[in-house]
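S.K.: What follows is the residue order along each chain.
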Amino acid sequence: MGGEVRQLLEQIHRFSRRCLFRVLSMGPLPTHLAFIMDGNRRYAKKRGLEDGSGHKAGFSTLMSMLQYCYELGIKYVTIYAFSIDNFRRKPEEVQSLMDLMLEKIKSLLDKESIVHEYGIRVYFIGNLGLLNDQVRAAAEEVMKATAKNSRVVLLVCVAYNSTDEIVQAVKRSCVDKADRDTERIQLVDIEENMQMSVAPEPDILIRSSGETRLSNFLLWQTGNSQLFSLDALWPEIGLRHLVWAILNFQRSHSYLEKRKKQL
Amino acid sequence: MISLRVPAPSSFNLQRFNSGALERRWKLGRDCFLSFTPNRIGLGVRSTKSEMAPFTAAEEETLPEGLQPELMPKHVAVIMDGNGRWAKNQGLQPWDGHRAGVEALREIVELCGKWGIQVLTVFAFSTDNWIRPKIEIDFLLSLFERTLKSELETLAKNNVRISIIGDSSKLPKSLLKVINEVEEVTKNNTRLQLIVAVGYSGKYDVLQACRGIAQRVKDGEIDVEEIDEILIEQELETNVTEFPYPDLLIRTSGELRVSNFLLWQLAYTELFFAQEMWPDFGRNGFVEALMSFQQRQRRFGGRKS
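Protein sequence lines correspond, in order, to chains A and B.
For what it's worth, my numbering labels the leading residue of the first sequence as 1, then goes sequentially.
For what it's worth, my numbering labels the leading residue of the second sequence as 1001, then goes sequentially.
Any given hint could be a false lead.
Stated by the list, open to error - Over the 12 Å line for every Cβ pair with chain B, so calculated as not near, a few chain A residues:
#, residue
1, Thr31
2, Leu109
3, Glu117
4, Gln168
Claimed, not checked - Here are the computed distance ranges between Cβ atoms for each label pair:
#, chain 1, residue 1, chain 2, residue 2, range
5, B, Ser1168, A, Val175, 23 to 33 Å
6, B, Ala1156, A, Met26, 56 to 66 Å
7, B, Gly1302, A, Leu20, 37 to 47 Å
8, B, Ser1142, A, Ala147, 38 to 48 Å
9, A, Glu117, B, Ile1135, 55 to 65 Å
10, A, Lys56, B, Gly1302, 15 to 25 Å
For the record, the hints were derived by calculation from the structure and aren't laboratory data.
Glycine is no exception: its CB is placed at the ideal position from the N, C-alpha and C atoms.
Given these sequences and hints, build the entire structure.
M.R.: Okay, here's the thing in structure tokens:
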């Protein structure tokens, strides 16, 4: 009996969400959303749970967000999973994060996973050489397995720093233009060598847990993105936050489009 | 900080109007004697005498209540946005807004000098701003030139060093001459470094750093493998200062974006978005931004413990 009620409630939620999304779609929708998923550990502490469960709760929030983005028709989602700076944390925490990542990355290969259900293409962006062999191999396997998907693109930034991305792009630009006039190096030369060039620039960047800073994430790509700093911790982020962000985006959208046309 | 409540559309803030803005408008009327005539033939703006009082040692110590001296940021960056909208709200012309903006900037420079902030970077003119109407651009650049000339003496006396960063290739020759002169005269000053970004954008800065590095690689001075973050940092135009990374970035006028200002340097900068327009920002807004900054926990990717 309980199971049926739950199913019914789930269907009602899904239906009302579909209506809400249909209303939202009347206005312009962002093409690319980026998330800094901050606050997992604070969430675990707040709830009196053990350390690892904060990240697990964060992962399920991420899956919900992906589902909403898919239902809304938002094509690109980028997430900041692990920064190069995070390697400086205690080895036990880094190891447990790597283990969790390995587990979740492998789960993406399952036939029933959200990746296959929604046709998500997954990219792992970052200095993958810094990861241990198992995680790197799993990441490469997922990238290969989802290469044909095209409905949604999920970019997972792991072992990533924006400054590191720029350094790699500068290196490649120097090599490409080594035999030509260096004054001829243009912005596009650097941009096409950026790992994130597989996606357009994010329209919105959402950071949870109340911090208002970029923390070396997508510095190059977020020059014109709207930045939202939400007080809620990442596992507490829900549909209402997403809707609020999109409504704000729609409010300033016409002004931005005018500016873009002028440029 | 952005809360869940949808922010109100930015409109005229009565509180701010009464604190300083009225005085600014009066000064404006005095200085821009063509502001209120219907037929504008030209822009007759009298050059103003600087109203900045000389810094005194006593004033240096008094921080407003609530601010702690040991938590003051070393480098503050400001996007002075909203001059045009402020002018429109007041029923004035855009150039009146820019003039009011200069007054507001004077106030902030003075406060930075008094409160021990060592570097202040302001975003005066972006590479994107070249699309504005020519008359506005001409006014902005001539306002900038006039302000530099008239402020030089005061700044030199108050031990302020000025540096200009940005793509100078499109700037008029007379302005370039004044810039060189001002930079030369103030280059040994130590109390506050004021960096003015004119014709600047973050991507442009990284691009010119990349070109510089590519040239060095081509000349055989460095190897491609040696290119790292420190090398790029040294090539960026913000290498004019010892503290190229702002601790705090303030943007006025309620826009929630960075608009391509200081890209690389903002990696760990705390961002503060103020609702009021730049001419209304003033001391109160600045104190609010500093208080917000002092309450933040900066971890740089690590953990608090």
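S.K.: Are the hints correct? Go through all of them and say.
M.R.: Do the hints match the structure? See the list:
1. Thr31: holds, 16 Å
2. Leu109: Per Cβ check, leucine 109 of chain A is outside 12 Å of chain B; nearest 29 Å; holds.
3. Glu117: holds, 31 Å
4. Gln168: Label violated. Min Cβ-Cβ 9 Å, cutoff 12 Å.
5. B:Ser1168 with A:Val175: 23 to 33 Å: Holds, at about 29 Å.
6. B:Ala1156 with A:Met26: 56 to 66 Å: holds, 59 Å
7. B:Gly1302 with A:Leu20: 37 to 47 Å: holds, 39 Å
8. B:Ser1142 with A:Ala147: 38 to 48 Å: Distance hint for serine 1142 of chain B, alanine 147 of chain A is violated at roughly 56 Å.
9. A:Glu117 with B:Ile1135: 55 to 65 Å: holds, 57 Å
10. A:Lys56 with B:Gly1302: 15 to 25 Å: Hint holds: Cβ distance 22 Å, inside 15 to 25 Å.
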